[in-house]
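Going by the numbering used here, the letters in the sequence shown line up with residues 865 to 1738, in that order.
Calculated from the structure, these hints are not laboratory results.
Being a predicted model, the structure only gives us computed values, none of them experimental.
Any given hint could turn out to be false.
As a list, the in silico BS3-like pairs of lysine-lysine whose alpha-carbon atoms are at most 27 Å apart [as the list claims (entries may be wrong)]:
1. Lys890 <-> Lys1055
2. Lys1449 <-> Lys1590
3. Lys1629 <-> Lys1618
4. Lys1670 <-> Lys959
5. Lys890 <-> Lys1011
6. Lys1726 <-> Lys1683
7. Lys902 <-> Lys978
8. Lys1019 <-> Lys1641
9. Lys1449 <-> Lys1579
10. Lys914 <-> Lys1722
11. Lys1042 <-> Lys1618
12. Lys1643 <-> Lys868
13. Lys998 <-> Lys905
14. Lys1024 <-> Lys1615
15. Lys1695 <-> Lys1549
16. Lys1539 <-> Lys1423
17. Lys978 <-> Lys1024
18. Lys1579 <-> Lys1567
19. Lys1570 <-> Lys1546
20. Lys1672 <-> Lys1563
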Amino acid sequence: MEIKIYAPVDCEVKSLSECSDETFSKKLLGDGLLIIPKKNKFYSPFLEAKTIMIFETKHAYGFDIEGINVLIHCGLDTVKLGGKPFKTNLEIDKKIRLGDEIFEVDLKMVNAEKISTETPIVFDQPIEILNSVKGNFKQGDLICTIKVLEEQIVKADPNKMTNKDFEDFFNAENKYQKEARILNELVGGPKNYRDVYNCMTRLRFLVKDKEIVNEEKIRTLSLVKSTIWQGDELQVVIGQDVYKLKDEVIAQNEFANSVVASQTNENNEKQSRGAQFIRMFASIMVKTIPVLVGCAIVQAIVGILVQINVMPDIVITAQASGNQVLLKDAAIGWIILFIMAKTTTVFGTIAIAISTAQYFKFDVIIAASIALILSTPLMFLDGGSGGMGHEWIVIDFGDLNTGNPVLDGISKVKIAAMTNKMFVVIGATIAAKYLNDWIKTWIPISLELMFRPFLLVMVIVPTSFFILLPVWNVIETLAGTLMYWIGQAPLGIGVGFYIGIWQVAVIFGIHMGLIIVGILDSIQRGGAGIFMIMGISVWAQVGALVGVILVTQNSKLKKDAIHMLPAGCLGITEPILYGISLPKKRPLIAGCIAAFFAGAYCNAVGVTARAGTGFGIFEFIGFFSSPTMGGTAELSNISNGLLYISGAAIALALGTVFSLLIYIERPNEKSSISKSANALLKFIKVKDNLTDEEIQILKSQIKEMKAVVNKDTVKQIKKIEKQIQKVVSVDSKIETLTENEYKHEQQIYKKGKKAISKNDLQTSKKLVNEFNSLSYKAKIDKLKIERDELKAKIDFKTLDKIIEPKQKEIDNLLSQISKQYNLKEEIVEIKNNYWNDLNSLKIAYDFENPKNINISLKQLTKSLKKNKKAVKTI
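Taking the hints into account, I'd like the entire structure generated from these sequences.
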């Protein structure tokens, strides 16, 4: 790696060994060079760096250049001056570029105190100074090029390696092991969480003490897309390879032991009942999804085989009709396939009870036994009208005719096997856990073994059948009634809205609440729900991503988007959402609108969700199956599947079109300033109750502010943006090569481990030689040099000359408005907002960090309106 050093100030350059302070001359803090400044203002001597240290007396500054730390120490013993001669506007983590002012020093004051102004610039890693030059330089002149000397890695000689050497070589820590180790530390270690598990894309920690969790650093990990808090559950968004990271976390922790040791220190953080319920439900269900999905695929295959008349339509009812065949009369092979498809749907509550018991630290055998009784095959009889078990009406209040068939069923109190009553089984398991804890406090040890399980069964089972089940049936019926009315909305707009907001719910980790609504609807409709078609929203977001790929000029963004497509087609949208749609906003909006229209279409043509066979392309299979809980549907299996696929195609197409129409690479400076000015106008109008005359005066001030940035300014900035895009293109190539290098190394490690396990030394030697011959590094280094040359050509000075006067003009206007309308409390954040608007180019391409805005003017305006309404009502 090479780093070009430019003169930070008019100065004389000397060898570091000439420094009068032995700490620097003997290079105890690292090698570098020495400058004697001739002027007061210092500017960045680096093409690009990040500020990582500012000494409290402002005489010393630390910078990071791609992992290399550099110290600029202005003067010797200047620490004694307590910072008096120094001024700086630098902040920690602030990115600087060549020519940016970094600090100012009063050299006369330093000299008056008879303190040396010698300024060492030193590196924390071994370096070689190429084309070393001494003498006088003007600020901005190239002084020299620094070559960072990388540690010489001695290539392994396979001919001298023993079996143990080969084993160590091929067991090098991979990225999942490394990230798991770091992530575990940042979460606070195994003692700071009660459980860790994963869903399809998120690693979930049930955290005890949030204060210990370093969320900011977690987000910087290469595998992490984002983090979300749901109560005391930390959701770390990873992607489809989340299970690999979870396995490594558990393996490194010896997690089973650490959980047992830490159960005594539970987190008592208060949460709303709703939040607690949703978190609990998510934790329970996520562990059962793989087996339920696996068996649902079998169910979909059975549905297809029946439709094409390859397999008989097997039924359990007392009599078969038409093409149906009774279970007892079918061939044994078909029977086995049938029960593989049907059993988890009918008796899946047992798996849910086990997962609930694990969540609440209850005896899984007792929980499974109670669930088995509650869903017993002995109550199945002829299978009932829906093939989910027989029902007994214990109380009949007569027939209702409300026009809502779901609500009509509320007049009959029914008892049945709880084959599809997962919420009752969850409730029964929780009740059993607390009853079990209470029994333990008083039952004699000699009687506990037999009578504790006896008491649990005798209390929980009747309570579940005669209290929990009827109560839940009422709740289920009322929820189903609401869903029925929503489903009856014209043109399918009710379902369209549900599907449209799905991905927004995913972003905030609250989609489990929508899933519960969908499950209730599906149960009421006998496994043919109208809401559980949320896969449509996946294809809408994939379409929005395709639109970005087609329109973007940012090669890195395009590359990242293309890499996200396979995950999207498998139903995993988190990488898309957190990587592109949410940061860019407009693709997210495009996808949500497309999902609304496609969801409405599916509902209008009668599509229903049936067997859940996975996500993305695998989901299609389930729509060709029959309703899973014995319900009926208007569409045949084939029609239902084909129409759902057409809905997905519509979502994909509309997502692409809407994204193409509304996507912008970044908001240009003119439109951003205009938007902020309008927000300021609305805020002041609401805040001060202005008269018409005052409003007109304010509008003229706002108009003047909007005119600060014109179309010519935007064109000039666009030219500089094209220079930046060339750098981004090279960065994208570097990233691709780095990824390919990692994949190649991992393939070699994998083959090597296999060879070692078979004691195949010949193959092991070949693989070590292959590893030694990898040539990615030379290509990457060459591209880095090209990238640095392109960076040096970016005309940031012209950009600053364009932006700085505009910034001053707007700041002056804002200061006037602030005095006129008393905006003392808000002015800092308002100015920060405008600063972000003007510097959107640097921010968009990560050359500058945005200034912090705690609350937007839009939010403040809403809050003011709400408060004023509240005052009026008092």
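Each hint tested on the structure:
1. Lys890 <-> Lys1055: violated (46 Å)
2. Lys1449 <-> Lys1590: Distance of about 24 Å is within 27 Å: holds.
3. Lys1629 <-> Lys1618: holds (13 Å)
4. Lys1670 <-> Lys959: Measuring from Cα to Cα gives roughly 21 Å; hence the hint holds.
5. Lys890 <-> Lys1011: Holds: Lys890 and Lys1011 sit about 20 Å apart, inside 27 Å.
6. Lys1726 <-> Lys1683: Roughly 23 Å separates the two Cα atoms, so the pair holds.
7. Lys902 <-> Lys978: holds (16 Å)
8. Lys1019 <-> Lys1641: holds (14 Å)
9. Lys1449 <-> Lys1579: Holds. Lys1449 to Lys1579 sits at ~24 Å (cutoff 27 Å).
10. Lys914 <-> Lys1722: Outside the cut-off at roughly 32 Å; violated.
11. Lys1042 <-> Lys1618: Between Lys1042 and Lys1618 the Cα gap is close to 21 Å, so the pair holds against 27 Å.
12. Lys1643 <-> Lys868: holds (20 Å)
13. Lys998 <-> Lys905: holds (21 Å)
14. Lys1024 <-> Lys1615: holds (20 Å)
15. Lys1695 <-> Lys1549: Given pair Lys1695, Lys1549 holds - Cα atoms ~19 Å apart, limit 27 Å.
16. Lys1539 <-> Lys1423: Distance of about 31 Å is beyond 27 Å: violated.
17. Lys978 <-> Lys1024: Judged against 27 Å, a Cα distance of about 62 Å means the pair is violated.
18. Lys1579 <-> Lys1567: holds (21 Å)
19. Lys1570 <-> Lys1546: holds (15 Å)
20. Lys1672 <-> Lys1563: holds (20 Å)
Checked against the numbered hints listed earlier, the structure breaks hints 1, 10, 16 and 17; every other hint is satisfied.
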